[in-house]
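Chemist: Sequence:
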Amino acid sequence: LYNYGLAVGFATKEYDTSYGLIAEAQTLFEGLGDDDGLGDVAWARANFHLALEELDPAYEGYLVAVDRYRRSGNEFGVGWSLFEAGYVLALLDQHDRAWPTFSEALRLFWGHRDVSGVVMNLFQMAGVARNLGDLHRSYRLLGAMDTLRKSTGVDLVGVEFNSIEGIDLDRL
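Position 66 of the sequence shown, counting from 1, maps to 66 under this note's numbering, and the rest follow consecutively.
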């Protein structure tokens, strides 16, 4: 139910249908005491809020997911939920709060050799550093990101989700 509900939401944008499926999955996960599954539910709902530009509920949902994933020991889930929470904080212009959130996510991604997470995280951290006025750090992070994306072929930063105003990836 969870996977289907998530797919319905992302593929069709029929969030009402998706929410119903996710709610059914939540009931099952609660009955099983499955914190990992409850983390998935919170993460899915947070992503739907983000897609609808409902930033405060998205951020709160990612925090719930972080808590559930930590309880279950799912560091992959913690990393991606922190990344998304940092992204929302950056959208809210709360860059001083986004930085440590991204930093923790980056440590988890690096520790698990999640190259896509490292590339995307470095890119977002470069934007945060720029917005905090640290252009030197911003360009160093962009250089590291660009080297990694070119050497691995993991190039997820050109999509709309990963764009920073004023930074042209083609000119790196």
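Hint data in this document are derived by calculation from the structure and do not stem from the laboratory. Check before you lean on any hint, since a few could be wrong.
To be verified - Pair by pair, the computed Cβ-Cβ distance ranges are:
no., residue 1, residue 2, range
1, Y4, Y139, 38 to 48 Å
2, H136, G33, 44 to 54 Å
3, Q94, Y4, 42 to 52 Å
4, G73, S116, 16 to 26 Å
5, L32, R140, 44 to 54 Å
6, V154, E75, 11 to 21 Å
7, Y4, R71, 18 to 28 Å
Glycine included, each C-beta is placed from N, C-alpha and C at the ideal position.
Chemist: Each hint: holds or not?
Modeler: Hints and how they fare:
1. Y4 with Y139: 38 to 48 Å: 43 Å, holds
2. H136 with G33: 44 to 54 Å: 48 Å, holds
3. Q94 with Y4: 42 to 52 Å: 34 Å, violated
4. G73 with S116: 16 to 26 Å: For G73 and S116 the Cβ distance comes to about 21 Å; the hint holds.
5. L32 with R140: 44 to 54 Å: Holds, at about 45 Å.
6. V154 with E75: 11 to 21 Å: 19 Å, holds
7. Y4 with R71: 18 to 28 Å: At 25 Å between Cβs, range holds.
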